[in-house]
Amino acid sequence: MNNCSTITAALVAAVCDKQAQGGTAARVILINFKDIDKSLSEVTANVISEIVLQSLKKGYAFTSLEDSTVGDFALNKGTWFRNWNHNLPLRIFTKSEASKKFVNDMAGSRVVAIVENKEIGKATIGGVVTVGEVQYEVYGWDAGLELQEAVGTTDIADGVVYDLKLGTPEKSKEGSIPKSFFNTNIDTTEAAIEALIAA
Amino acid sequence: MDAYIQLVTLNIEKVMNTEKCEYRLRNGALLRDAVNHDISFNCTNNNISNELALYHLKTNPGCKSKFEKLPKDYEKQVEAYKLHAELELSEEEKAAQKEAEISLVAEIAELLKAKTTKTAIKAKYKEVKTIGTKNLTQRFLIELIDLAETSLEETLEPEKTLEETKEVTLEEKAAQKEAYQTV
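Chains as they are written, first to last, in the working numbering: chain A, 3 to 201; chain B, 33 to 215.
The shape of chain B in the complex, shown without the other chains (with noise of 0.2 Å):
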């Protein structure tokens, strides 16, 4: 029966567009990210894709020795691939990036206004991958999130003073003592 329902909604275009990965890993290891530290980035044989082992080969040469297969050509992708603080965007690019930041951090501010604690709104986005194109990594949603707290805290109206307050009470208690003599 299961066999039958995943025959019914495979989605043959995505099987056929997947790519085939040319690295894999021995049995057991889990490579885990040397920069950021970000489990988003770990690998295992279950997630490895060619971008995810490059990535690692990249930020920490020493795990090849992980690895149980690699393409003969693997050192010559390893230097081609960039990191994304090593990716020279266009002008264009830039602003767009931006522009995707900026939007971000603005939704982010509204779910924090709509008082959704941190931990929902790092699960709301655990899953989306990239914001532009960079990495939406753990470390790089926290900042979003640093950011679009602060930047709530700007646009709050300042608190009343004490003074103010006391104020408005006297004014307000000798209006009701108006309205009692009145009746």
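Extracted from the complex, chain A is given alone in its bound form (with noise of 0.2 Å):
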């Protein structure tokens, strides 16, 4: 395998009385993929701390049921190089129009999908207590994410109309896993994720 990367810092990977917290926010921004105009969003080190959009394009808020969407990647072992695949489902519980719309219009589309965690991170460095790290998290920045399965019958089976899977696209991965969304503090970077979805 190539050394395309090193492992650079030690990692405390648990401490006994804080456990993670599991489970998502009922919210999900979802953005064209081509809508993100890249050369003027800021990424660092994995971090997205800016997501400045094409002139006149918008983000579009996916509300639906905490905890209904459970984000998840996979590594991709290839031949010469890894990368990663990430999944998102997006469960629907309301049959309308507007979701039917939602749902052939996804067929076509790539996005990348910003999720809200129940975790927030707590990270001090440099004695500065920071909070929310990885309260956001983007899936798809690299590669988008398409939409791999969609499935919907009549029985509305435990609630669910429409349940689609939205994942990496076959030729395309990602670089790295989830990155996380954060500038400054929890309420700059809440005040950038709320600038996506201005009207």
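Keep in mind that the hints were calculated from the coordinates and are not lab data. Keep in mind that this is a model prediction, so the values were computed, not measured. Incorrect hints may appear among the rest.
With a Cα cut of at most 27 Å, we get these calculated BS3-like pairs of lysine-lysine [stated by the list, open to error]:
(1) B:Lys52 with A:Lys60
(2) B:Lys114 with B:Lys52
(3) B:Lys154 with A:Lys124
(4) A:Lys60 with B:Lys104
(5) A:Lys124 with B:Lys108
(6) A:Lys40 with B:Lys90
(7) A:Lys36 with A:Lys175
(8) B:Lys156 with A:Lys124
(9) B:Lys96 with A:Lys40
(10) A:Lys59 with B:Lys104
(11) A:Lys124 with B:Lys150
(12) B:Lys98 with A:Lys59
(13) A:Lys97 with A:Lys20
(14) A:Lys60 with A:Lys20
(15) B:Lys98 with A:Lys36
(16) B:Lys130 with B:Lys150
(17) B:Lys96 with B:Lys166
(18) A:Lys102 with A:Lys59
(19) B:Lys145 with B:Lys161
(20) B:Lys101 with B:Lys114
(21) A:Lys60 with B:Lys98
(22) B:Lys98 with A:Lys40
(23) B:Lys154 with B:Lys108
(24) B:Lys101 with A:Lys40
(25) B:Lys96 with A:Lys60
(26) B:Lys145 with B:Lys158
(27) A:Lys167 with A:Lys20
(28) B:Lys52 with A:Lys59
(29) A:Lys59 with B:Lys158
(30) A:Lys59 with B:Lys166
(31) A:Lys60 with B:Lys101
(32) A:Lys36 with B:Lys101
(33) B:Lys108 with A:Lys36
Put the two chains together into one complex, using the hints given.
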């Protein structure tokens, strides 16, 4: 395997009285992949601090139920390189024309998704405590996410009207696990998130 | 119900007097204070104003690429815009500014004297935008807190020396002994 990266720091992988919280908030921000202006967006050490959109473009809020979005990622072991697949299910619990249009539109779309975790993270760097460094994570930053599966039945089992699965496309892969979206502190980060879906 | 309450509490005058912003950023853009790194100067479409836009264009001309909408004469507006450091104040205005700063330092000193923490003081003045004609930035507030601390130290009574403490104790002891002997 090529030494394309090396471990550069120690890690405290567990703190006895601080178990990570599972689950996600109800809202996911979806942005069309080509609507992001990467030349003006800022990414440093796999942390995104600003996402600037192309002129007149905006992000969209997908609001479902808490914990209904379960993001995950998996290592893709290629012959020469290792990269990542991101996966993100979206569950729709309302049956309406708007929901149906959303599913139809998703079929041909490529998006980037920002997920809000219940685990927000807390780090102390140089004596300064920073909260919120992992609250928001971005899926599909490098390659986008496409609809891999979509299921809807008249049974509406368990209240799920449409069960969608977004994932990394077959021929494009992600260069990292989902990147955090964080800027300075929690307030600044949330202001940046809201700015993506401003009217 | 929310809409009804909003209508009932709406201040029409305030809405009518709100300046219409001539500037608009691209969605997602976040402008940060390039000079003082003051987060109260962060700017997105949700809080943009003409003043804030001009501040950023003046202090960080490169941020122009993040704007969706700029008025045709924005370059003139930027040139005409004066940062506080550039404002030419009259003697009266300078005196008034100094007075306002002294008054705030005194106020902060009283809070410090009452054991209010610096964090609580910063939170208390978080919504205050200006002091006199000057913007009350985070950095400026910290400077004023430092000044208040210094002024407080100068007004505190000097602590008694160990010698003085000892003498008082010995005197008290002697007085007590005499009192017991009398009894």
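Taken at face value, is the distance from the CA of Lys124 (chain A) to the CA of Lys156 (chain B) at most 27 Å? Roughly 25 Å separates the two Cα atoms, so the pair holds.
Given the hint that Lys154 (chain B) pairs with Lys108 (chain B), test it: the Cα-Cα distance must not exceed 27 Å. Since the Cα atoms of Lys154 (chain B) and Lys108 (chain B) sit roughly 36 Å apart, the hinted pair is violated (cutoff 27 Å).
Would the pair Lys60 (chain A) and Lys20 (chain A) pass a check requiring their Cα atoms to be no farther apart than 27 Å? violated (37 Å)
Is it true that the CA of Lys36 (chain A) sits at most 27 Å from the CA of Lys175 (chain A)? The given pair, whose Cα atoms are some 16 Å apart, holds under the 27 Å limit.
Is the straight-line distance between the alpha-carbon of Lys102 (chain A) and that of Lys59 (chain A) 27 Å or less? It holds: about 22 Å lies between the C-alpha atoms, which stays within 27 Å.
Would the hint linking Lys96 (chain B) and Lys166 (chain B) be met if the CA-CA limit is 27 Å? Given pair Lys96 (chain B), Lys166 (chain B) holds - Cα atoms ~25 Å apart, limit 27 Å.
Given hint Lys150 (chain B) paired with Lys130 (chain B) - CA-CA distance at most 27 Å: holds (22 Å)
Is the straight-line distance between the alpha-carbon of Lys59 (chain A) and that of Lys166 (chain B) 27 Å or less? violated (37 Å)
Compare the distance between the alpha carbons of Lys167 (chain A) and Lys20 (chain A) with 27 Å, and conclude whether the hinted pair is satisfied. violated (31 Å)
Between the alpha carbons of Lys96 (chain B) and Lys40 (chain A), is the straight-line distance 27 Å or under? The given pair, whose Cα atoms are some 16 Å apart, holds under the 27 Å limit.
Satisfaction of hint between Lys90 (chain B) and Lys40 (chain A), Cα-Cα up to 27 Å: holds (24 Å)
Is Lys36 (chain A) close enough to Lys101 (chain B), meaning Cα to Cα at most 27 Å? holds (21 Å)
Figure legend: structure checked against the earlier numbered hints; hints not met, in rising order: 5, 13, 14, 23, 27, 29, 30, 33.
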